[in-house]
Amino acid sequence: MPIEEICKTLFIILVIVAGLAPIITWIERKQSALMQDRIGANRADIGGITVLGLLHPMADVLKLMTKEDVVPQGANRMMHMLAPLIAALPAIIAFGVIPWGGIYSFGDTTIKMVAADPDWGLLYIFAIGSIATYGAIMAGWASNNNWSLLGGLRASAQMISYEVTLGLSVVGIFMVFETLKLTDMVMAQDTTLRVFGFIEVFGGTVPAFLDWVRLPAWGIFYQPLGFVMFLTAMMAENKRPPFDAPEGESELIAGYFLEYSGMRFGLFYMSEFIEVIVIAGVVSTIFLGGWAIPFLDQATIIGGIGSFMGEGFATGLCVILHFMTFMLKLIVMIWLQMLLRWTLPRFRYDQVMNLCWKGLLPLSIANILITGAVMLLVRG
Amino acid sequence: MVPIEHVIGLSSILFVIGMIGAATRRNLIVVLMSIELMLNAVNLAFIGFNRLWPGTAEAPALDGQIFVLMVITVAAAEVAVGLGIIISMIRNRDSVNLEEVSLLRW
Amino acid sequence: MEVSAILFYIFAVMAVVSALGMVLNVRNTVAASLSLVVTMIALAAIYVLLEAYLIAVIQIMVYAGAIVVLFLFVIMLLNLREDDFAPGRQWLVKFGAGLLGVFVLIQLLKLVGPGLPEVPVVPEGYGGYRQLGILLYTDYVLLVEMASLLLLSAIVGALILAKRNID
Amino acid sequence: MVTPTAISWLHWIPVLPLIAAVYHGLMIGIVRRSTPRWFVIGLSCGTVFLAFLASCAAFGALIGMPEDQRLLVDDVYTWIGSGVGDQVISANVAFALDPISALMILVVTGVGFLIHVYSIGYMDDDQRDDKGFQRFFCYLNLFTFSMLVLVLADNLPLMFLGWEGVGLCSYLLIGFWYSDSDNAYCGSKAFVVNRIGDFAFLLGLFALFAALSDAGTPTVTFREIEANFDKIVDATVTILGTQYRLVNVVGVCFFIGACGKSAQLPLYVWLPDAMAGPTPVSALIHAATMVTAGVYMVCRMSFLYAVAPEASAVVAWTGGLTAVFAATIAVTQTDIKKVLAYSTVSQLGYMFLAAGCGGYTAAMFHLGTHAFFKALLFLGAGAVILAMHHEQNIEKMGGLWKKLPRTKWVFLAGTLAIIGFPGFSGFFSKDEILVAVWVSDVPGHQWLYWMGFATAGITAFYMARLFFMVFLGKLRAAADVRGQIHEPGASVFYPLAVLAFLSIVGGIMGVPQIYGDWLSVGDSNSLASWLAPVLPEAAPHALEHSTEYLMALGTVGIAASGVLVALFLYVRNPDLPEKMAQLLSGLYKLVFNKYYVDEVYDALIVRPTVALSDTVLYQVIDTRVIDGVAINGSANAVRSLASGALKYLQSGLTQGYVFLMIVGAVAIVGWLLR
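Protein chains in written order, with the working numbering: chain A, 1 to 380; chain B, 1 to 106; chain C, 1 to 167; chain D, 1 to 674.
Simulated from the structure, these hints should not be mistaken for lab results. All residues carry an ideal CB built from backbone N, CA and C; glycine is no exception. Don't take every hint at face value.
[To be verified] Just so you have them, the derived chain B footprint on chain C, three or more residues with Cβ under 8 Å:
id, segment
1, 15-21
2, 36-44
3, 47-59
4, 98-107
5, 131-141
6, 149-160
[What the hints assert, rightly or not] Selected chain C positions facing chain B (Cβ under 7 Å, derived; list incomplete):
id, residue
7, 6
8, 29
9, 31
10, 67
11, 70
12, 74
13, 93
14, 112
15, 116
16, 122
17, 123
18, 124
Make the full structure from the sequences, and use the hints.
Okay, here's the thing in structure tokens:
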């Protein structure tokens with residue numbers, strides 16, 4: 001793929017995501033207010049107009065930008081400055097491979113609703129995610145503060161541990177879809193799954209009325225355990241509650257970004273929210289069918305509407321529908337994360353590690369074994 | 001694409017840098033990192049030569065890349081053990097200075 | 001010069017500079033290991049240019065994402081801010097090492113020399129996970145088994161070494 | 001060459017006892033928890049009994065086949081595979097059943113089962129160590145397994161495995177009460193003497209295999225050796241400058257192996273000492289089964305001996321001499337088990353005498369009947385010993401006729417059988433042997449015949465002497481056991497009864513042709529026709545029936561006179577033997593001390609060997625050369641070199657090592673790419 005095109009698309013994504021992140025802070029505020037039975041962010045106003053508190057993100061950004069950028073004494077100035085950028089950058093460029101829509105052809109031209117579509121798309125996300133560790137480590141180290149150092153240590157240990165589970169928990173999905181390419185994965189999910197098809201594995205025949213009982217062929221139905229583990233590991237990578245041991249407000253004040261202020265603090269803050277979007281995007285792409293509309297695949301839409309409205313119009317409509325579907329799933333997943341974040345109490349640090357090494361890791365390996373056995377049974 | 005000679009040249013330079021690092025630095029951690037650098041230089045040479053003789057689509061010749069995978073595996077194992085050694089050394093000597101590890105000297 | 005060649009030289013310079021930065025930085029071990037990360041990432045980029053995609057991704061995941069993080073973790077765990085060792089006969093060592101390095105470098109470069117064939121066009125699927133995976137689990141399956149055994153023994157060894165009280 | 005028929009369950013016959021042995025071994029050696037006795041008994045005897053049933057079934061299967069096709073082979077797996085191209089050999093774990101091995105497995109499992117049952121009672125009061133009971137049955141089962149492997153083996157290496165296995169079990173069982181150092185010594189002696197024979201056996205095996213390889217048909221399987229045997233009949237082998245026919249060399253080598261196992265001159269010395277083991281062991285191993293392995297092997301290799309007259313002559317003469325020699329020793333022994341032991345040696349000599357003279361059928365016949373009556377005699381002796389509270393000296397017995405009302409009858413049956421009382425089993429088999437000797441063309445066969453004839457008389461004499469001294473006359477037992485003499489229990493007696501029955505009628509299986517009409521067992525020797533497909537009969541019976549009757553009459557006559565002399569000496573005039581011994585004190589001492597063979601061996605072989613080992617091998621070679629020069633010397637050399645020069649390389653500076661490593665690597669790579 002031409003490099004210029006990738007750069008262009010990345011720029012567009014950057015704009016979208018950077019705009020989205022502040023809005024998510026608003027969502028979070030509202031969500032927490034809702035769950036805690038209060039009204040929540042509604043004070044910021046321009047001439048008395050509050051717009052449901054939507055002005056708060058703007059106020060936040062303004063305030064952060066005008067704050068003084070403090071570098072503590074004895075800190076490594078360069079690394080202190082670089083750390084927030086390194087934390088935020090991977091989160092943003094991870095969007096490069098997430099498909100916002102499918103592949104559509106308008107006559108001779110083909111449109112791909114994804115910035116880059118390499119064969120190894122999912123691995124790319126893992127690789128980028130593993131680099132994200134450095135932001136936290138550098139910040140913790142460069143601040144010349146013991147709390148920060150502890151936070152950085154915890155962050156590195158936690159992220160490196162959960163990466164293992166993260167990788168292993170989706171191996172089952174690789175096996176089911178037989179690809180690592182995210183667009184291919186979504187296309188494989190743009191169909192239906194016969195719920196009673198397993199009868200044929202044991203030599204029976206499926207009655208016709210049962211053959212109509214179908215589910216969307218989403219990854220979550222193939223790999224429910226994988227979904228749970230993947231979501232958990234992703235959330236732990238993000239270091240937000242309940243996995244916020246590296247920040248640990250009650251123990252480490254603010255952990256690795258304790259000594260940050262102004263826009264650099266804002267970058268850390270933003271990167272967390274961007275990662276929430278990344279998680280939502282990846283999870284909905286892999287497990288929730290991405291842009292695929294349940295029970296209504298791309299060919300059906302284009303064929304059905306195209307028959308009386310014209311091919312071009314139908315494809316255009318399809319693009320919009322798919323994009324909307326994806327955004328809907330994205331928002332649902334973001335909301336789910338908010339819900340979890342405000343529902344569950346924090347884990348203690350040892351609990352975080354125990355969950356990873358003694359809970360999720362063996363489970364994910366068992367999941368691979370079971371998936372392999374079942375696939376051997378079903379596909380022979 | 002650049003000629004493979006340049007890739008190999010880069011690999012040689014990195015290897016020699018790593019070698020000098022391993023030979024001159026007294027900080028055990030840096031020595032370990034220098035060794036990693038040497039391994040990486042070798043990996044680069046493997047990848048470069050594999051690029052030169054890639055085989056065909058039916059019979060791919062990916063021995064170089066497979067060897068790189070193995071080198072990465074070995075490197076990971078080596079780092080795990082090496083860092084274990086460093087930790088126990090810190091515990092016993094309170095230093096990562098290589099020159100202080102001379103108990104077996106005559 | 002085409003784009004890929006320009007990129008190659010950019011990344012090559014980046015790799016060499018950061019490698020030198022790692023070796024020559026005697027004050028700050030953390031900075032040295034971060035330089036190593038830059039070298040790793042530059043190498044990964046070069047792998048992409050050499051169309052070894054899977055290796056590039058694994059390079060980042062394993063080297064940058066795991067190995068150097070482990071280095072950093074240990075450095076931070078042991079809180080090694082600076083290594084201010086007592087001065088020794090370092091000039092002799094450095095002089096000797098430099099001499100040896102130059103000698104080896106000249107030998108290596110002489111060894112490669114010019115005369116390698118033209119870089120061919122890669123076949124379809126080169127460097128992808130599919131071909132590599134099939135090879136790994138057919139022709140090289142013994143190697144995979146050996147690697148798994150090696151990793152297991154490394155885990156056990158690291159545990160034993162790092163354990164505080166062995167009993 | 002017979003085409004083998006496949007059979008899938010034959011391997012269970014040896015495996016069944018093995019299961020029990022392995023179980024016992026695990027329980028004793030690893031689990032170390034005592035097993036209830038009823039379970040030990042059930043498992044050991046049960047498996048052997050099952051093996052016996054399986055043997056009967058296999059025998060039946062063999063009978064049901066056409067006479068010239070009687071060969072069942074169970075090829076379990078390839079044990080040793082070697083070679084490429086047409087030079088491949090494979091020694092399989094394969095079991096072959098033909099008429100001769102069928103006979104053997106019936107004897108081994110049948111008599112073996114009876115002895116297992118007998119052991120229950122015999123070992124019951126053994127308190128010498130707490131695991132002893134189970135250990136004993138473990139060894140017995142292991143022995144049964146080894147013996148079955150030996151007789152069922154389809155090839156020489158597997159047979160050798162069984163051969164070694166029985167030797168091992170013999171060693172273990174002789175030294176069963178190892179806490180007594182004499183017993184342990186006897187076990188070692190048996191092992192070492194056997195080892196000499198085994199060495200020769202191996203040499204023969206290698207020579208045979210080498211010759212077959214040279215002939216282009218490398219094989220170790222019996223029937224393939226036989227099929228390809230004509231290729232090496234004329235082969236020669238040069239030893240110390242003299243050319244010998246290969247078959248003679250191989251035959252003699254194998255026979256030396258047989259001498260070790262079957263206690264022939266000059267390797268018989270271990271068998272009398274082997275009586276140190278428990279009595280059932282003496283019966284099972286040293287009378288009924290293991291010692292017959294040599295005879296079985298010679299018969300199994302009969303196709304070889306049939307074309308090797310010199311080797312056959314060696315076999316025959318050794319057998320004949322052993323028969324007379326051992327019989328004379330038995331005359332003077334006072335230990336009840338030793339008498340029987342020398343008797344066994346003598347009877348084995350008989351068998352070899354027959355085999356060497358080409359009477360393989362007669363040898364196998366005597367092997368079978370001897371198994372019955374000698375097992376009976378040993379077990380009976382065991383019963384007597386039990387009754388006498390472990391008193392084995394016959395001079396302290398006497399007058400047990402009243403005390404042991406059941407045992408005396410079975411013992412009498414065994415005695416009559418071995419003496420050759422007409423109609424008893426020993427009578428027929430001994431006659432067959434003497435006839436075979438008479439008609440053979442071995443050099444000096446007349447002499448051999450008269451030796452056999454004389455042995456029959458001596459045998460009758462010493463057996464009668466034994467019986468009279470134990471059962472008749474005055475009760476000479478020590479005062480404290482006198483009142484406690486009692487009949488042994490049921491598990492001891494019933495095996496004796498069965499064996500007694502077999503000893504009496506066992507001869508029916510091979511009644512010679514001349515009595516066939518009287519006894520209505522068919523027109524010919526049924527055993528001979530059964531074995532005919534596998535055993536070559538050296539010469540047809542060229543004797544007139546009248547001559548045979550005459551010879552039988554002669555044998556009965558000499559036996560009867562032997563008995564009468566014994567009656568005269570030991571019952572009528574009990575003081576006379578003492579006087580005669582004093583009169584002929586030199587001769588008596590010579591015989592009583594077994595011709596001083598053990599002492600001669602001791603002086604000629606044991607002492608020099610020990611002295612050589614102690615002075616030269618231990619004090620010089622081991623201490624000075626191996627320890628001093630090789631071990632300490634090399635260590636000292638390394639140490640002085642290292643501390644003198646190499647230690648300066650050990651600078652403690654890791655960077656220095658790195659430098660050297662790099663220089664070395666560069667040098668090696670540079671040299672490789674020069």
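Okay, the hints, checked on the actual structure:
1. 15-21: holds (count 4)
2. 36-44: holds (count 4)
3. 47-59: holds (count 9)
4. 98-107: Contact hint for the segment 98-107 of chain C vs chain B: holds, 6 residues under 8 Å.
5. 131-141: Holds: 5 residues of the segment 131-141 of chain C have a Cβ under 8 Å from chain B.
6. 149-160: holds (count 9)
7. 6: Violated. Min distance 10 Å.
8. 29: Holds, because the Cβ-Cβ distance from residue 29 of chain C to chain B comes to roughly 6 Å (cut-off 7 Å).
9. 31: Violated. Min distance 11 Å.
10. 67: It holds, given that the least Cβ distance between residue 67 of chain C and chain B is near 5 Å, below 7 Å.
11. 70: For residue 70 of chain C, the interface hint holds, since the closest Cβ of chain B sits about 6 Å away, which is under 7 Å.
12. 74: holds (5 Å)
13. 93: holds (5 Å)
14. 112: Result: holds, 5 Å to nearest chain B Cβ.
15. 116: holds (5 Å)
16. 122: holds (5 Å)
17. 123: Status holds, d = 4 Å.
18. 124: OK, holds: residue 124 of chain C within 7 Å of chain B, min 5 Å.
The structure fails hints 7 and 9 (numbered hints given earlier, in ascending order).
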